[in-house]
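S.K.: Residues per chain, in single letters:
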Amino acid sequence: MAQMKFKTLAAAAFVALAANAAHAQKAEVIHWWTSGGESAAVKTLADAYNQAGGTWVDAAVAGADNARAAAINRIAGGNPPTAAQFNTSKQYHDVIDEGLLNDIDPVAAKEGWDKILPKPIIDSIKIKGHYYAVPVNIHNPTWFWYSKSALAKAGVAAEPKTVDEFFAALDKLKAAGLVPLALGGQSWQEWITFYSFVLHVGGRDAYLKFFRDHDVASVNSEPFRKAMTALRKLHGYVDAGSPGRNWNDATAMVISGKAGFQIMGDWAKGEFGAAGQTAGKEFGCFAGFGPSAPYMVAGDVFVFPKTTNKAQIDAQHKLATVFTSPATQVAFNNKKGSIPIRTDVDTGKMDVCAQAGVAAMKDASRQIANPDMLMTPDMVGAVQDVITKFWNSNQSVDDVVKALQGAIKG
Amino acid sequence: MNTATTPMPTAASPADSNPPRSRHATRPKRSMFSPARIGLYALLISAAAFFLVPLYVMITTSLKPMVEIRLGNLFALPTHATAVAWVDAWSSACTGLDCNGIQVGFWNSVKIVLPSTVLSIFFGALNGYALSFWRVRWAGVIFGVLMFGAFVPYQVTLYPLVRIFSAAGMFGTLPCIVLVHTIFGMPVMTLLFRNYYASVPGELFKAARIDGGGFWRIFFQLMLPMSLPIIAVAVIMQLTNIWNDFLLGLVFAGRENLPMTVQLNNVINTTTGERLYNVNMAATLLTSLVPLVVYLVSGRWFVRGIAAGAVKG
Amino acid sequence: MAISSSRHRPGRARPWRALTAQIALLPMALTALGIYIGTVLWSMRISVSSSRIFPRDDFVGLSQYQRLFETERWHVSVQNLAVFGVLFVAACLVLGLLLAVLLDQHVRGEGVLRTVFLYPYAVSFVATGLVWQWMLNPELGIQSTVRALGFPDFKFDWIVQQDRVIYTIVIAAVWQASGVVMAVLLAGLRGVDESLWHAARVDGVPRWRYYLSIVLPQLGPAIGTSFVLLAVGVVKVFDVVVAMTQGGPGNASEVPAKFIMDNLFGRANVGLASAASTVMLLTVLALLTPWWYARAVQAKKARHA
Chain A
483 MAQMKFKTLA AAAFVALAAN AAHAQKAEVI HWWTSGGESA AVKTLADAYN
533 QAGGTWVDAA VAGADNARAA AINRIAGGNP PTAAQFNTSK QYHDVIDEGL
583 LNDIDPVAAK EGWDKILPKP IIDSIKIKGH YYAVPVNIHN PTWFWYSKSA
633 LAKAGVAAEP KTVDEFFAAL DKLKAAGLVP LALGGQSWQE WITFYSFVLH
683 VGGRDAYLKF FRDHDVASVN SEPFRKAMTA LRKLHGYVDA GSPGRNWNDA
733 TAMVISGKAG FQIMGDWAKG EFGAAGQTAG KEFGCFAGFG PSAPYMVAGD
783 VFVFPKTTNK AQIDAQHKLA TVFTSPATQV AFNNKKGSIP IRTDVDTGKM
833 DVCAQAGVAA MKDASRQIAN PDMLMTPDMV GAVQDVITKF WNSNQSVDDV
883 VKALQGAIKG
Chain B
2 MNTATTPMPT AASPADSNPP RSRHATRPKR SMFSPARIGL YALLISAAAF
52 FLVPLYVMIT TSLKPMVEIR LGNLFALPTH ATAVAWVDAW SSACTGLDCN
102 GIQVGFWNSV KIVLPSTVLS IFFGALNGYA LSFWRVRWAG VIFGVLMFGA
152 FVPYQVTLYP LVRIFSAAGM FGTLPCIVLV HTIFGMPVMT LLFRNYYASV
202 PGELFKAARI DGGGFWRIFF QLMLPMSLPI IAVAVIMQLT NIWNDFLLGL
252 VFAGRENLPM TVQLNNVINT TTGERLYNVN MAATLLTSLV PLVVYLVSGR
302 WFVRGIAAGA VKG
Chain C
660 MAISSSRHRP GRARPWRALT AQIALLPMAL TALGIYIGTV LWSMRISVSS
710 SRIFPRDDFV GLSQYQRLFE TERWHVSVQN LAVFGVLFVA ACLVLGLLLA
760 VLLDQHVRGE GVLRTVFLYP YAVSFVATGL VWQWMLNPEL GIQSTVRALG
810 FPDFKFDWIV QQDRVIYTIV IAAVWQASGV VMAVLLAGLR GVDESLWHAA
860 RVDGVPRWRY YLSIVLPQLG PAIGTSFVLL AVGVVKVFDV VVAMTQGGPG
910 NASEVPAKFI MDNLFGRANV GLASAASTVM LLTVLALLTP WWYARAVQAK
960 KARHA
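Residue numbers (our numbering), protein chains in the order written: chain A, 483 to 892; chain B, 2 to 314; chain C, 660 to 964.
These are computed hints drawn from the structure, not numbers from a lab. Worth double-checking, as some hints may not be accurate.
As the list claims (entries may be wrong) - Covered stretches of chain B (chain A as the covering partner; in silico rule of three or more C-beta atoms under 8 Å from a C-beta of chain A): (1) 53-63; (2) 96-102.
Stated by the list, open to error - Under 7 Å between C-beta atoms, here's a sample of chain A residues computed to sit facing chain B: (3) W514; (4) S521; (5) N555; (6) G559; (7) A650; (8) N730; (9) E753; (10) A793.
Positions of the beta carbon are idealized from the N, C-alpha and C atoms, including for glycine.
Take the sequences, apply the hints, and build the full model.
M.R.: What follows is the structure in structure tokens.
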């Protein structure tokens, strides 16, 4: 079988790499963090690893798809990196199925990951009882950002605590001549808006039934339809120039006070920071409606391509250990804008949004996994196609319900 | 047509793009301001304007600070022009852990582009020459297959190529990427030269054969020197394609040979990082300088009537 | 790719000379058969498997193709390709020819002008595509600028209209590619003997008719080259769509190459991507076959004449 031949070839190539392993645990790491802020964040990881006695060799490739393609092709070509970045998701499950990843059970056992990591993360990195990926952060892709000056100008007194208050605020912004919601009309941004509304408008149950259980009947249920109707209504609050816009251009509208709200991940703080704004001063943030709103969990992990080379395996274990140590977690996440994977760390230096995030994570009932963790990339894509069509057309809620049912059936 | 003692017909030496004065002397002086000339320049200048507008936006964006860019005014001139973005792009933009700008891969790109361009043009010319003037029974069919191959989306061929090169033990090396570029350039290069040679008069070749020229001699001493205009086009195309290639270089070149486009991609294409549009534009313009210089220089090869001139006589 | 029938075929070469030619053509044969045919066959094999992120050896019949034809996004992308293809090729040929002829008139600054027309080809589309997106965005670019100049009803928002966005892709793509067509045609024009113009002038033929009736037919091969180059560009169009619209709004500017790429890498769906690629190639094959056949018939006629 080609699969067998492939594995043998791969294994043979990796053994042949043994000769090259002289350097003190040289670790070649593929990742996609290339902007200025992200570079500073990677530096904390690299410094920590180097201080622990290893040598970090950087292999950055911008664009998540590009980086994953590079990693996959390197694995296929018999020249794998020591570690490769993926999202906390199902993206690497296929690679595991092919037997092409090393597990890091020794590190997980030693560091007690079962006890300190939140459940959604564990579910995503522990497959068939073995740990295959090391998480480095928790991102929430569905934060609500708002410009304080824009809201003040429109007469919105306080952060919306319910969906109705949110729409009321949008109405006030529209009346004041501002753009109520800054959205970049790209498929992935529409996708984020969609699942944020399924969660925050449709409710936790509707969300899980759709994304985790792929329950076809639930799509036609009352809460889900309510979310889709709200989504349809939301479209009226974006400006005409929205299609195709980059997410940072939408954030720029909020930064300059031209727009009121943006629904985007916590990486948006990088843009606010680059423009010299501070959380809580010029802009505000909330993770959902109300103090016990569910907190969406996403993030980045590193996986370890299969190798039998002892020095490489040591390097992989060292990486996993270093990445999850409390000191590295704080340093890395402060720079990255995300929050640490463990709650037993010092949050003093974090901005107010991050602190709110950590507080939310302490409450296990608020944690909820993002769609990438619950669906294969293929199904994610299929749903994305349906949603982008719904968002950009006049399709009725009935029709989109049917289309969504078709997408999750597959 | 002379026979016997004449040496191989030589090509006219490459003149510069302005034809010699003697040609102008034979026709009445054209007035610079005749309606036809004015119309001609008007057309050319309006076409140039259409082509230049995006460049204008790119340059002004690269000279503006981000504060100004966020305000939107796309066509406005910079109020506080600064060249900081250019310096950053070249030497200090972050491309991962390292923040050394795009200059890091410059020599790698050169190392990749030079042999790849030379090899792919050589094979294109050789194939075009053999196809046009020599009778090889299976050549037509193979050429057809090659042209079909030009339409294959190369991303789909990535995986089998990776396995082939890996099995050959050369995956991730400089020869690997050069060979990959030669392979993917072959259809278009062959087409260019084959069609060019199709309009070369057959008498030329026949005369050379009668003079005792063999396959290689005719190729190197007659056909290649005559092909300067099409070589100019081929260089323009191949150099640009290879210089701007990203995916093939990323996969096949190996970490020590990563071309400049990988750093360029790292500067421009962050997924969730902040985007500095002025640096992005500056980096893109810097990267495009090499092909641009080649375009300017290739002008002297767009000469007139070499083939025609050689036949007369 | 017409070969003018006046091309002179060499006499039968002595066997060892033809052997040299055969050996010289071996790399071409190897590439065509070994690499191109080989990888196409491989991808066809994968298209009947359930391959996800890595190729798999199983066999699932035509289910990937079935899924492909049920995918609306694929149908949109094929339709877009047809519209884009016709407009792009026609516009590039016309514009390229026009520019080449204009530049052939002994103009001052020909070198500079030629570089101006060619530079779009040199600059990476990742950045220029973004610039086009900004320029065509109604809030940011041309529409808002013209409106600010005092024409409040001016509308140019094709890029956010689903039924018009493909035309914006055509505009940007023509901007990028006509320079190369111009270069190919200019090289061809420079191969035309100047004495023909002198003879025509003596006969009182105006310059434009000279170009139309005398020069144009001689440009046959160059136009053929340009056409094939453009056709290849059409089938592979990818960068401009990703940079300008990301296939949006919705899926309105989706193209096959982007569909294939997304499924190959982003969605870890190698089987579906291979099926799409095979369908594309079979279509190309279907379009090429009549032409091949006509050429073979013509060659046979020439041999038996």
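S.K.: How about the region 96-102 of chain B: do at least three of its residues have a C-beta closer than 8 Å to a C-beta of chain A?
M.R.: holds (count 5)
S.K.: Per the CB criterion, is A/S521 less than 7 Å away from chain B?
M.R.: Holds, about 4 Å.
S.K.: Are at least 3 residues of the region 53-63 of chain B within less than 8 Å of chain A when you compare beta carbons?
M.R.: With 0 residues closer than 8 Å to chain A, the region 53-63 of chain B misses the three-residue bar; violated.
S.K.: Does the nearest C-beta of chain B fall within a distance shorter than 7 Å of the C-beta of A/N730?
M.R.: The hint holds - A/N730 has a Cβ within 7 Å of chain B, the shortest such distance being about 5 Å.
S.K.: Checking hints one by one. Is A/A650 an interface residue toward chain B, by the C-beta closer than 7 Å rule?
M.R.: Since the shortest Cβ distance to chain B is 28 Å, the answer is violated.
S.K.: Hint check: is the beta carbon of A/W514 less than 7 Å from a beta carbon of chain B?
M.R.: holds, 6 Å
S.K.: Is the interface hint satisfied for A/N555? The criterion is a beta-carbon contact with chain B at less than 7 Å.
M.R.: holds, 5 Å
S.K.: Holds or violated: A/E753 as interface residue toward chain B, Cβ cutoff 7 Å?
M.R.: holds, 5 Å
S.K.: So, as I understand it, the hint says A/G559 touches chain B; can you test that by seeing if any CB pair is closer than 7 Å?
M.R.: Check passed: Cβ of A/G559 comes within 4 Å of chain B, closer than 7 Å.
S.K.: Holds or violated: is the Cβ of A/A793 closer than 7 Å to a Cβ in chain B?
M.R.: A/A793 check fails; min Cβ-Cβ to chain B is 18 Å, beyond 7 Å.
In summary, the structure is inconsistent with hints 1, 7 and 10 from the numbered list given earlier, while agreeing with the others.
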